[in-house]
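J.: Assemble the whole structure, with the sequences as input and the hints as a guide.
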Amino acid sequence: MFRGFEYIMRGRNVADAVYMTQRICGICSTAHGAVASYLLDELYDNDIEENAQYLRNIMFAADFLQNHIRHFYFFGLPDFVIMPENLLFLNQNCFDCRLDASDNRRLSSHYIEAVKVAQKCHQILALFGGKAPHQHSFVHGGVTVAPTADLINQAQFLMEDIQEFVKRYMLPDTELLSHCYDDYFHIGETPGCFLSFGLFHFGKKNEQVLWKGGVLDRGSLTQPRLDLIQKDISKSWFERDKETGDVSPAPYKPGAYTWVKAVLYNGKHYEGGPLARMIMNGYYKGGTSTMDRIVSRSLETFLITELVKDWLNCLKPGAAPLKQKEQIVKNQAISVTDAMRGPLLHSASIKDDQVRKYDIITPTAWNFSPKDLAGYRGPAETALIGTEIPSPELKYVIPGRIIRSFDPCLSCATHLLDYDTNNVEHIIY
Amino acid sequence: MEKSDFLQLCREYHSIDDYALSARILPTVREYIKQPNTSKMPVIWLETSDSGDNNIAFMNTTYPYLNQVFSDMINLFYSNTFMAAQGRDALALLEETATVYDGEFTLVVEGAIPTKDNGIYNIIARTKYYNLTALDAVTWLGTSAKYVVAIGTCASFGGVSAAAPNITQSVGVGKVLKREVINVSGCPVNPDWFVGTLAHLIMYGRPDLDELGRPKLFYGSTVHQHCQRRSYFDKKDFAERLGEIECMFSQGCMGPRTGSDCPYRQWINHVNWPVKANTPCIGCTNDNFPDGSAPFFTPLPQKNQSKQVNNEQLSTTGKGESYEPTENSV
Numbered sequence: 018m019f020r021g022f023e024y025i026m027r028g029r030n031v032a033d034a035v036y037m038t039q040r041i042c043g044i045c046s047t048a049h050g051a052v053a054s055y056l057l058d059e060l061y062d063n064d065i066e067e068n069a070q071y072l073r074n075i076m077f078a079a080d081f082l083q084n085h086i087r088h089f090y091f092f093g094l095p096d097f098v099i100m101p102e103n104l105l106f107l108n109q110n111c112f113d114c115r116l117d118a119s120d121n122r123r124l125s126s127h128y129i130e131a132v133k134v135a136q137k138c139h140q141i142l143a144l145f146g147g148k149a150p151h152q153h154s155f156v157h158g159g160v161t162v163a164p165t166a167d168l169i170n171q172a173q174f175l176m177e178d179i180q181e182f183v184k185r186y187m188l189p190d191t192e193l194l195s196h197c198y199d200d201y202f203h204i205g206e207t208p209g210c211f212l213s214f215g216l217f218h219f220g221k222k223n224e225q226v227l228w229k230g231g232v233l234d235r236g237s238l239t240q241p242r243l244d245l246i247q248k249d250i251s252k253s254w255f256e257r258d259k260e261t262g263d264v265s266p267a268p269y270k271p272g273a274y275t276w277v278k279a280v281l282y283n284g285k286h287y288e289g290g291p292l293a294r295m296i297m298n299g300y301y302k303g304g305t306s307t308m309d310r311i312v313s314r315s316l317e318t319f320l321i322t323e324l325v326k327d328w329l330n331c332l333k334p335g336a337a338p339l340k341q342k343e344q345i346v347k348n349q350a351i352s353v354t355d356a357m358r359g360p361l362l363h364s365a366s367i368k369d370d371q372v373r374k375y376d377i378i379t380p381t382a383w384n385f386s387p388k389d390l391a392g393y394r395g396p397a398e399t400a401l402i403g404t405e406i407p408s409p410e411l412k413y414v415i416p417g418r419i420i421r422s423f424d425p426c427l428s429c430a431t432h433l434l435d436y437d438t439n440n441v442e443h444i445i446y
Numbered sequence: 053m054e055k056s057d058f059l060q061l062c063r064e065y066h067s068i069d070d071y072a073l074s075a076r077i078l079p080t081v082r083e084y085i086k087q088p089n090t091s092k093m094p095v096i097w098l099e100t101s102d103s104g105d106n107n108i109a110f111m112n113t114t115y116p117y118l119n120q121v122f123s124d125m126i127n128l129f130y131s132n133t134f135m136a137a138q139g140r141d142a143l144a145l146l147e148e149t150a151t152v153y154d155g156e157f158t159l160v161v162e163g164a165i166p167t168k169d170n171g172i173y174n175i176i177a178r179t180k181y182y183n184l185t186a187l188d189a190v191t192w193l194g195t196s197a198k199y200v201v202a203i204g205t206c207a208s209f210g211g212v213s214a215a216a217p218n219i220t221q222s223v224g225v226g227k228v229l230k231r232e233v234i235n236v237s238g239c240p241v242n243p244d245w246f247v248g249t250l251a252h253l254i255m256y257g258r259p260d261l262d263e264l265g266r267p268k269l270f271y272g273s274t275v276h277q278h279c280q281r282r283s284y285f286d287k288k289d290f291a292e293r294l295g296e297i298e299c300m301f302s303q304g305c306m307g308p309r310t311g312s313d314c315p316y317r318q319w320i321n322h323v324n325w326p327v328k329a330n331t332p333c334i335g336c337t338n339d340n341f342p343d344g345s346a347p348f349f350t351p352l353p354q355k356n357q358s359k360q361v362n363n364e365q366l367s368t369t370g371k372g373e374s375y376e377p378t379e380n381s382v
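Chains D and F, in that order, are what the protein sequence lines are.
All residue numbers for the first sequence refer to my numbering, where the first residue is 18 and numbers rise by one.
All residue numbers for the second sequence refer to my numbering, where the first residue is 53 and numbers rise by one.
Heads up, some of the hints might be wrong.
Said to hold, decoys possible - Straight line, CA to CA, 25 Å or less: simulated PhoX-like cross-link-like pairs of lysine-lysine:
| hint | chain 1 | residue 1 | chain 2 | residue 2 |
| --- | --- | --- | --- | --- |
| 1 | D | 222 | D | 388 |
| 2 | D | 270 | F | 328 |
| 3 | D | 259 | D | 248 |
| 4 | D | 326 | D | 221 |
| 5 | D | 412 | F | 180 |
| 6 | F | 168 | D | 374 |
| 7 | F | 328 | D | 340 |
| 8 | F | 268 | F | 328 |
| 9 | D | 333 | F | 168 |
| 10 | D | 342 | F | 328 |
| 11 | D | 388 | F | 180 |
| 12 | F | 180 | D | 270 |
Since the hints were derived computationally from the structure, they do not count as laboratory data.
Owing to the predicted nature of the structure, the values given are computational and were not obtained by experimental measurement.
T.: Take a look at the structure:
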């Protein structure tokens, strides 16, 4: 799928970027709203109040919780657990489902609990953000909603339920899967090159991050330099105009195989996501496998529930913490944050208040980078290559588990590996 | 079929070609498989060019919760988001459902349909022999479905996927099918609008539609008619900036031109909506969203007149602009 968001943004009022770019992705919309707001904060030189930062992070975190819980139970669970006799799960491939009957029954019943608790995550987002997906109140200058005692109180009780679910179900369920499928600690390993832009911004200028980012290359951690990021379209359905340098879609380009552009940092592929963040911040010590990615996502979910509870306590009831300046003071800006799946970057150059060029590099573009000019593969492809498929029944099972451990977002980076196809097979053989 | 009939059949056909027996029994087996769920609606859900926000919005449904919709209302045979099947198994499921439930299933389409270059910008399935584009799939399934429901504004009218300059020439489902399409628009859809439309189809058949093909039940009045801040508007008491309690017309609110019941219904367990969050309605249910609402924070009379998008004046004469629903359903 190709929609051409970078073309859509041209000529629009730059303030529309917050609402427009959220529509890139339905499951991580707040991430795009957040990074576009940071970008506008820089263009306007806004000063952000502390209360606004707490509110922004509560909303962003609520969307993280929604994303991680839905990913684990709706998309991940059917890879490992035999789901109940139900039409949704017709043709489920159960050749390698290892839980005993009672564990299996217990875990599959948690699907229904997850339905309710994920809705509660979005209810917190909507309480402060107006609606979800595509919240309205997290804009440049702060937040448009006043944190009043009733809202804070409602969010606190919703958060209690969510944390209870994570403690009682999600963490033990993750632990059980990691025991029964411990061979997946050695399947789908990546080279261990991680990149994160840091997560949960604070400070008047969004300059502080709670969870630090960095570039981790086989043990050494350095700060990311944005000028070292490059896009490579050699295997993507795009071509570059030799004179203007403009990139346009080329669906018939020979040798190309995806709408995702390869993203490189200093000429190399990097992986992003919960595993990268948990390792860099010292919360997780482990490998780079399929199961490491799954375990670190659940761990991050729990840590975020703790943070949201703290932030709700720190909020001071009062008026809407919003100070939007009137005049734009810069004509270009780049903003970054980590999103659910890894590093997210927006950059814009503008004339007056109109967008001249808007560029977006999504986490899935990092994780699902196709081959670059030199023929090196991105993290997900590397994880798949060389994976042994011991029997034909497991042809979709093993690659499916590896791919889904990256939490691929099919909308923001387009349908790279369509599960309805044989593409996965082609990549392996 | 009673057990005795079945045994009788087997006796009669035992000497004939095996296939003849299968051919005689299969239709009965299919009937049997369908029986326990006769009151549930068979559904095929195709995701085309969109952000997936409508299936996330659908997951937020309360009373019924998502699992209750699946267990009691619909048989969702195919959905790339929800189903467990993958690879060729998934495609087989799609083909089988379309055959077995020919003329009975409801086709839900989420997303716009790119039409440029025969739809190559959205390929739903890629096999060794052919590429199934969104355009092919919707055309194929759209002709044999009992109802076609477009969920979200992209599927209904093109929406953000068809925003200027629309280089993929994306359109709403209604533009590629020569039949009635029920448009349940919104960016994303409010789950009540979608689940409510399904409920209407199941319990009472086709709902009354407005001139944009949307159920009047949900889209029959404007946001403005029912806005909690209408008294501010009537007194010309406008907010000076976002985050204030007064009327958001000055901040670009599209409420006067947007058919939807947001002020009453609200979002996510009915707790909030954009104007209550001290921001403007951006008209996301309209057929000219988002271009007709841009710039979002510019007052309605000046929208798209002061600014040109992509160097060309965006059309402000679409159906949504002149449309003012008359019927008050509340």
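J.: Confirm or reject each hint.
T.: Each hint tested on the structure:
1. D:222 / D:388: 37 Å, violated
2. D:270 / F:328: Between residue 270 of chain D and residue 328 of chain F the Cα gap is close to 49 Å, so the pair fails against 25 Å, i.e. violated.
3. D:259 / D:248: 16 Å, holds
4. D:326 / D:221: Holds, at roughly 22 Å.
5. D:412 / F:180: 16 Å, holds
6. F:168 / D:374: 24 Å, holds
7. F:328 / D:340: 19 Å, holds
8. F:268 / F:328: 23 Å, holds
9. D:333 / F:168: It is violated: about 53 Å lies between the C-alpha atoms, which goes past 25 Å.
10. D:342 / F:328: Answer holds: residue 342 of chain D to residue 328 of chain F is near 23 Å, not above 25 Å.
11. D:388 / F:180: Given pair residue 388 of chain D, residue 180 of chain F holds - Cα atoms ~22 Å apart, limit 25 Å.
12. F:180 / D:270: 18 Å, holds
Figure legend: structure checked against the earlier numbered hints; hints not met, in rising order: 1, 2, 9.
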